[in-house]
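A.B. asks: For this note's numbering, add 8 to where a residue sits in the sequence shown, where the first one is 1.
Hints are computed from structural coordinates only; laboratory data are not their basis. All values derive from a computational prediction rather than experimental measurement. Incorrect hints may have been included.
[As the list claims (entries may be wrong)] DSBU-like cross-link-like pairs, simulated, lysine-lysine; straight-line CA separation at most 30 Å:
1. Lys96 to Lys207
2. Lys203 to Lys326
3. Lys106 to Lys207
4. Lys96 to Lys262
5. Lys262 to Lys207
6. Lys96 to Lys106
[To be verified] Quick list of simulated restraints, FRET-style, between CB atoms:
7. Pro101 to Arg193: 45 to 51 Å
8. Ala191 to Gln38: 29 to 35 Å
9. Leu29 to Gln180: 22 to 28 Å
10. Ala40 to Arg201: 25 to 31 Å
11. Leu90 to Val316: 20 to 26 Å
12. Ile248 to Gly82: 18 to 24 Å
13. Gly44 to Leu21: 23 to 29 Å
14. Leu21 to Trp45: 40 to 46 Å
15. Val236 to Ile195: 47 to 53 Å
16. Ile248 to Gln180: 43 to 49 Å
No residue lacks a Cβ here, since even glycine has one placed at the ideal position from N, Cα and C.
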Amino acid sequence: MTRPRFLPDNFTLTLIGVVLLASFLPASGQVAVGFGWLTNIAIALLFFLHGAKLSRESIIAGAGHWRLHLLVFGLTFVLFPLLGLALKPLLSPLIGDKLYMGMLYLCALPATVQSAIAFTSLARGNIPAAICSAAASSLFGIFLTPLLVTLLLDVHGDGGSTLDAILKISVQLLLPFIAGQIARRWIGAWVGRNKNWLKFVDQGSILLVVYGAFSEAVNEGIWHQIPVVDLLGLVVVCCILLALVLLASTLLGKAFGFSQEDRITILFCGSKKSLATGVPMAQVLFAGSTIGVLILPLMLFHQIQLMVCAVLAQRYAKRPESVPELMAQVDP
9 MTRPRFLPDN FTLTLIGVVL LASFLPASGQ VAVGFGWLTN IAIALLFFLH
59 GAKLSRESII AGAGHWRLHL LVFGLTFVLF PLLGLALKPL LSPLIGDKLY
109 MGMLYLCALP ATVQSAIAFT SLARGNIPAA ICSAAASSLF GIFLTPLLVT
159 LLLDVHGDGG STLDAILKIS VQLLLPFIAG QIARRWIGAW VGRNKNWLKF
209 VDQGSILLVV YGAFSEAVNE GIWHQIPVVD LLGLVVVCCI LLALVLLAST
259 LLGKAFGFSQ EDRITILFCG SKKSLATGVP MAQVLFAGST IGVLILPLML
309 FHQIQLMVCA VLAQRYAKRP ESVPELMAQV DP
């Protein structure tokens, strides 16, 4: 049977099913701990396979793509905070001052790493540039986010453990990628011939992150902390912010003359905010305060950005392959 046009693709439907599953059967206790380990393994496997797939020449080219990295950093650490401040008089009456503090905190956070790279890969964007840009955003965010929070909210944290955060990022992301690079001489050709495995890991890691993140939100009492009207208003505010950043990412990518693969990378790396980084940082920056309501905007924005980007990535993935992509498949 032909799929009706009004229905989303299978991956988006699966994402919706995962959100519903987490809403009614969230992971908690030892199950959540075990699920967290499973998610970390999936993410490590994702970076290992990307390391085995990408040639060193392409990685060097991605790291040297400074114009793209500057634009992504500008979207993440300049445009987001400016939009948050500019929209406050208009949007804060919809959700109240306390929830809008959470929106400003969201604007100060670094980009996601695993989902940005997974969506870029799914959409056939510039993966080496995405890896370099997303990882650098996460590392620099350790220093920039506390500064932006101080400027936006006039809140002073106790400094946190910067070294622990850098070590965690390195162990979870950089080490598997380096291991994949080392193993490339033995398995690179096999990975190139079996791209479906990499696509499965990409999609699987996204589904795991969505379930884990939404389970945590449900366990935090996301459905009981605020009235339904305020929750609907918060969804609207998050959608407006995301739509403006997606529009700016698209227009700026075209205005600066980036290729389609680069524009895809800019779109998925410059429009995301990290829940995995945001929650631990909130515990340090807002020590002694109840952070449940404060991080609620981040929890909702995180789910919305995953759902929207999943649809966009699937649409980009359906476009015809370009000549450089076809040549890359021949070169193992």
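A.B. asks: Taking the hints in turn, state whether each one holds.
C.D. replies: Quick rundown of the hints versus the structure:
Of the pairs offered as hints, the one joining Lys96 and Lys207 is violated, with about 40 Å between alpha carbons and a cut-off of 30 Å exceeded. Restraint check for Lys203 and Lys326: the C-alpha separation of about 15 Å stays at or below 30 Å, so the hint holds. A C-alpha spacing of about 40 Å is found between Lys106 and Lys207, which places the hinted pair above 30 Å, so the restraint is violated. Restraint check for Lys96 and Lys262: the C-alpha separation of about 28 Å stays at or below 30 Å, so the hint holds.
Taking the CA atoms of Lys262 and Lys207, the gap is near 27 Å; set against the 30 Å cutoff, the hint holds. For the suggested pair Lys96 and Lys106, the alpha carbons sit about 12 Å apart, so the restraint of at most 30 Å is met. The hint said 45 to 51 Å for the Cβ distance between Pro101 and Arg193, and at roughly 60 Å that hint is violated. The hint said 29 to 35 Å for the Cβ distance between Ala191 and Gln38, and at roughly 33 Å that hint holds.
The hint said 22 to 28 Å for the Cβ distance between Leu29 and Gln180, and at roughly 25 Å that hint holds. For Ala40 and Arg201, the Cβ-Cβ distance of about 37 Å falls outside the hinted range of 25 to 31 Å, so the restraint is violated. As the Cβ distance of Leu90 to Val316 is approximately 21 Å, the hint placing it in 20 to 26 Å holds. For the pair Ile248 and Gly82, the supplied restraint of 18 to 24 Å holds, since their beta-carbon distance comes to about 20 Å.
A beta carbon spacing of about 25 Å between Gly44 and Leu21 agrees with the range 23 to 29 Å that was offered as a hint. The hinted window of 40 to 46 Å between Leu21 and Trp45 is violated, with their beta carbons roughly 27 Å apart. At about 51 Å, the beta-carbon gap between Val236 and Ile195 stays in the expected band of 47 to 53 Å. Between Ile248 and Gln180 the beta carbon distance is about 32 Å. The supplied range of 43 to 49 Å is therefore violated.
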